[in-house]
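J.: Each protein sequence line maps, in turn, to chains A and B. Here the first sequence stands for residues 1 to 472, where the numbers follow full-length UniProt numbering. Here the second sequence stands for residues 1 to 472, where the numbers follow full-length UniProt numbering.
One or more of the hints may lead you astray.
Copies of the same chain are indistinguishable here, so a pair counts whether it falls within one copy or spans any two.
Mimicking DMTMM-like on lysine to aspartate or glutamate, the simulated pairs with C-alpha atoms at most 20 Å apart in a straight line are [said to hold, decoys possible]:
#1 K100 <-> D366
#2 K351 <-> E245
#3 K347 <-> D189
#4 K100 <-> E121
#5 K150 <-> D232
#6 K392 <-> D232
To be clear, the hints were calculated from the coordinates, so they are not data collected in a lab.
2 protein chains.
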Amino acid sequence: MDNKQQNILIIGAGLCGALLALRLGQRGFNVAVYEKRPDLRTTKLSSGRSINLAFSDRGNKAMKLVGLEEKVKALCIPMHGRMIHDKNGDTLQSNYSGRKHEYINSVSRNDLNALLLDEAEKHENVNFYFDKTCQSVDLEKTTALFTDGKTQKDFIEDADVIIAADGAGSALRKSYFLDRHFLFSFSQDYLSYGYKELSILPNENGEYLAHKNALHIWPRQSFMLIALPNLDGSFTVTLFLSYTEGTFNFNNLDTEQKVLEFFKEEFPDALLIMPNLATEFFKNPTSPLGTIKCSPWHYKGNTLLMGDAAHAIVPFYGQGMNAAFEDVVVLDSVLNLNLENWEATFKTFEKHRKKDTDAIADLAIDNFHEMKEHVADPIFQEKRKLEMLLEKKFPLQYNSKYAMVTFNENIGYQVAMLRGRAQDRAILNLLVRGEISINPKATKDELQAILEKINHETNKILEDHRNADLRY
Amino acid sequence: MDNKQQNILIIGAGLCGALLALRLGQRGFNVAVYEKRPDLRTTKLSSGRSINLAFSDRGNKAMKLVGLEEKVKALCIPMHGRMIHDKNGDTLQSNYSGRKHEYINSVSRNDLNALLLDEAEKHENVNFYFDKTCQSVDLEKTTALFTDGKTQKDFIEDADVIIAADGAGSALRKSYFLDRHFLFSFSQDYLSYGYKELSILPNENGEYLAHKNALHIWPRQSFMLIALPNLDGSFTVTLFLSYTEGTFNFNNLDTEQKVLEFFKEEFPDALLIMPNLATEFFKNPTSPLGTIKCSPWHYKGNTLLMGDAAHAIVPFYGQGMNAAFEDVVVLDSVLNLNLENWEATFKTFEKHRKKDTDAIADLAIDNFHEMKEHVADPIFQEKRKLEMLLEKKFPLQYNSKYAMVTFNENIGYQVAMLRGRAQDRAILNLLVRGEISINPKATKDELQAILEKINHETNKILEDHRNADLRY
Numbered sequence: 001m002d003n004k005q006q007n008i009l010i011i012g013a014g015l016c017g018a019l020l021a022l023r024l025g026q027r028g029f030n031v032a033v034y035e036k037r038p039d040l041r042t043t044k045l046s047s048g049r050s051i052n053l054a055f056s057d058r059g060n061k062a063m064k065l066v067g068l069e070e071k072v073k074a075l076c077i078p079m080h081g082r083m084i085h086d087k088n089g090d091t092l093q094s095n096y097s098g099r100k101h102e103y104i105n106s107v108s109r110n111d112l113n114a115l116l117l118d119e120a121e122k123h124e125n126v127n128f129y130f131d132k133t134c135q136s137v138d139l140e141k142t143t144a145l146f147t148d149g150k151t152q153k154d155f156i157e158d159a160d161v162i163i164a165a166d167g168a169g170s171a172l173r174k175s176y177f178l179d180r181h182f183l184f185s186f187s188q189d190y191l192s193y194g195y196k197e198l199s200i201l202p203n204e205n206g207e208y209l210a211h212k213n214a215l216h217i218w219p220r221q222s223f224m225l226i227a228l229p230n231l232d233g234s235f236t237v238t239l240f241l242s243y244t245e246g247t248f249n250f251n252n253l254d255t256e257q258k259v260l261e262f263f264k265e266e267f268p269d270a271l272l273i274m275p276n277l278a279t280e281f282f283k284n285p286t287s288p289l290g291t292i293k294c295s296p297w298h299y300k301g302n303t304l305l306m307g308d309a310a311h312a313i314v315p316f317y318g319q320g321m322n323a324a325f326e327d328v329v330v331l332d333s334v335l336n337l338n339l340e341n342w343e344a345t346f347k348t349f350e351k352h353r354k355k356d357t358d359a360i361a362d363l364a365i366d367n368f369h370e371m372k373e374h375v376a377d378p379i380f381q382e383k384r385k386l387e388m389l390l391e392k393k394f395p396l397q398y399n400s401k402y403a404m405v406t407f408n409e410n411i412g413y414q415v416a417m418l419r420g421r422a423q424d425r426a427i428l429n430l431l432v433r434g435e436i437s438i439n440p441k442a443t444k445d446e447l448q449a450i451l452e453k454i455n456h457e458t459n460k461i462l463e464d465h466r467n468a469d470l471r472y
Numbered sequence: 001m002d003n004k005q006q007n008i009l010i011i012g013a014g015l016c017g018a019l020l021a022l023r024l025g026q027r028g029f030n031v032a033v034y035e036k037r038p039d040l041r042t043t044k045l046s047s048g049r050s051i052n053l054a055f056s057d058r059g060n061k062a063m064k065l066v067g068l069e070e071k072v073k074a075l076c077i078p079m080h081g082r083m084i085h086d087k088n089g090d091t092l093q094s095n096y097s098g099r100k101h102e103y104i105n106s107v108s109r110n111d112l113n114a115l116l117l118d119e120a121e122k123h124e125n126v127n128f129y130f131d132k133t134c135q136s137v138d139l140e141k142t143t144a145l146f147t148d149g150k151t152q153k154d155f156i157e158d159a160d161v162i163i164a165a166d167g168a169g170s171a172l173r174k175s176y177f178l179d180r181h182f183l184f185s186f187s188q189d190y191l192s193y194g195y196k197e198l199s200i201l202p203n204e205n206g207e208y209l210a211h212k213n214a215l216h217i218w219p220r221q222s223f224m225l226i227a228l229p230n231l232d233g234s235f236t237v238t239l240f241l242s243y244t245e246g247t248f249n250f251n252n253l254d255t256e257q258k259v260l261e262f263f264k265e266e267f268p269d270a271l272l273i274m275p276n277l278a279t280e281f282f283k284n285p286t287s288p289l290g291t292i293k294c295s296p297w298h299y300k301g302n303t304l305l306m307g308d309a310a311h312a313i314v315p316f317y318g319q320g321m322n323a324a325f326e327d328v329v330v331l332d333s334v335l336n337l338n339l340e341n342w343e344a345t346f347k348t349f350e351k352h353r354k355k356d357t358d359a360i361a362d363l364a365i366d367n368f369h370e371m372k373e374h375v376a377d378p379i380f381q382e383k384r385k386l387e388m389l390l391e392k393k394f395p396l397q398y399n400s401k402y403a404m405v406t407f408n409e410n411i412g413y414q415v416a417m418l419r420g421r422a423q424d425r426a427i428l429n430l431l432v433r434g435e436i437s438i439n440p441k442a443t444k445d446e447l448q449a450i451l452e453k454i455n456h457e458t459n460k461i462l463e464d465h466r467n468a469d470l471r472y
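The following block holds chain A by itself, in its conformation from the complex:
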């Protein structure tokens, strides 16, 4: 581990692979990165992946680690809360936090990826090779087989360590699965929903046609539309919809007329500012929504999965990229331990990390239901208002589940999930039972009493769970 002259081969130069290359380059390793796509800095790509992403505190911790916090900030558009649109076009803003400095950001996948590639390439010991598709990995020999996209010729690369950051369709993970060298637990779970990207364009002066600093949601119980702002004045809009269920679904929306009818009925205010809807709807792909979990992530000290390759999640918590970046932070901290070899390093990394990536996968599914259903529910809205009030009045004492997941990069996802779920249940129980209520004019003492009730009920729920877990 002390020998920094070791050769590390990274598969994938996406967000995770590029950041990893940068960090390992900073640490002095020889890093070669092979990416199946052409260089996104010089090629216009239609990648099929989402155009903009939510960037928040866990991701930012990684940017601090590599010294890019300020440069990334310049790419970010703050989103302070959800702007909820009802069928009449009326809106309701629901902030992500009661603390002013806590918000999430919309960032362009391409801009951020390009920045990471530029910064990584500044290191002589980091080299990128584009248009090289990994076909498989030889787990014992620590070699990877690639096909060159231009020549269509195959070639084999050797390394001391291979780390795959090649996303949900990972070639290394496929080798783990098919080679059957070891017991590989694996799951891929698809929602019965797909998603399609659309857009709201700016007006002729390049101005935003909806409130810029929010994540817009049109929640409709069994489906939803969302929109995130881009720097050029446009919004990237995503429709989440069942493939087969309901009056309108991806399978039966097969004419422009039906699409327009659907939007007119469900999202009339959005339709007004989506002149390209019908064209885009049939041009852009419908993509699936899947969760991938697996274990082990590593094979001996030879190979390791990171980011989506190890734990792809659905996008509803805006944590996919943040979790992948956090992987790099966690691996970096394990490298600081200077363990005896790569096997011990990878084992420690997975042991420390997997519980948290399992948790964010489950939280992301929870949030799908929260976004399409609960945000429009009066009691849920009451809960969120109360939480905003508590975060405002007791900024050091109260954190909602959302805040723990999104703004508390020093709390692991698993702890955030367990405490956050219990707290959500506690507040809803207390509201339903009428044991607490929300009053914007409540005194600090009254709010303090509410906070104590919530904490008491939360701890009781956690205690019950612990007892049940001990017994079963």
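Got chain A sorted already, so can you dock chain B onto it with the hints?
T.: Same frame as chain A, now just chain B:
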């Protein structure tokens, strides 16, 4: 669906495939079954699968359906309860039910499979082809590619419908996974434990050397030994042990001396009647313990997965075979609906069935912990004693989780799991809190009061869960 002259191709002539062939044959379909192994009735096989199995009421319901209840009974050895062996060789019998007529049975996999093959073959419209390994299935053409074990030649078979009952390593499921024709949710989860089969032989007079009518368990917290009786006076013994953890594990038990030392320390009474231990330990394979779930089970009306191919489970509830047999019962009842086509039939089958096979998969994992840890726990033993008393005194009113799963073939596994888990938690809570206690001399009125407390607490827990589910 009315056309019984349709050709059904079944992959696999194991327990599920043979029963399915028999039932579909009885219904008048043309059935061709292809099995990768030689005919087990004429070939001595060392299959690597467990030699004897637990057979109980769900399996028996299937035997009734095909008219084989009496013939199967002749193959069965009743096991009335668990015989728990401690380290001193002391034993404690813990019955499976407080009702005398409720017990499970040990049955030979081979004998039962042979019976099903014989019975199926009596139908002219059912034909078996052995030594034919399925390589893949063409999902659109409804054809299967086989390799003949003798000639090593490949051939393709065509059918109206292909049903795969080819076990945990199903070729059809592999085609679902690799062909990517549709979104296929899939998981394989391995325990970090393996198992190895060993044996207790009869004495020279062919007599059993341990109590015949029990399932013997040597629970040791992090590992365990179990034994099920065979008709010839022997017991098949299975060691469940971690691959890597603990003082002794499958990886470090690498000499005869270590194996003997391990058994001497942990299972001294078993060691005394296992003269072949050291030989068998190194001759017999160590096999993994995995759970497989997937969805969809069918592709259009062309293909369907059944039994372990659709839902392999760990063996700890003794329900693997019973669940596979129950699949046939459920499919048969869906066929009775005379739906418009195979697609509707398969869809209805999965919709009705999958929730239950998911539940038994989870219950089987629960029971692993129960068997190796809890059965030796005083409070668990107290709970079981109380449950026996309740089942005895209130045979129509009380059913333990074990009884709901094992002896109530008309309650689905999912209902048994939800109610059973809540009830287990309720009893343990009440015992721990001192709100109920066990007294063998309790009057019927006193027991009635206890039963009401348990029901009240159980319903409260179920209500809490329902509320939480509604909100999240």
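J.: If a hint holds in the structure, say so; if it doesn't, say that too.
T.: Cross-check of the supplied hints:
1. Taking CA atoms no more than 20 Å apart as the test, K100 paired with D366 passes in neither setting, with 25 Å inside one copy and 46 Å between copies.
2. Proximity of K351 and E245 under a CA criterion of 20 Å is satisfied inter-copy only: 15 Å between copies versus 40 Å inside one chain copy.
3. Only between protomers do K347 and D189 lie at most 20 Å apart by alpha-carbon distance; the minimum there is 19 Å, versus 25 Å within a single protomer.
4. With identical chains, the CA atoms of K100 and E121 are never at most 20 Å apart, being 36 Å at best within one copy and 76 Å at best between copies.
5. Taking the shortest Cα distances, K150 and D232 never come within 20 Å of each other, neither inside one copy (33 Å) nor across copies (68 Å).
6. Proximity of K392 and D232 under a CA criterion of 20 Å is satisfied in neither setting, with 33 Å inside one chain copy and 75 Å between copies.
When each numbered hint is compared with the structure, violations occur for hints 1, 4, 5, 6.
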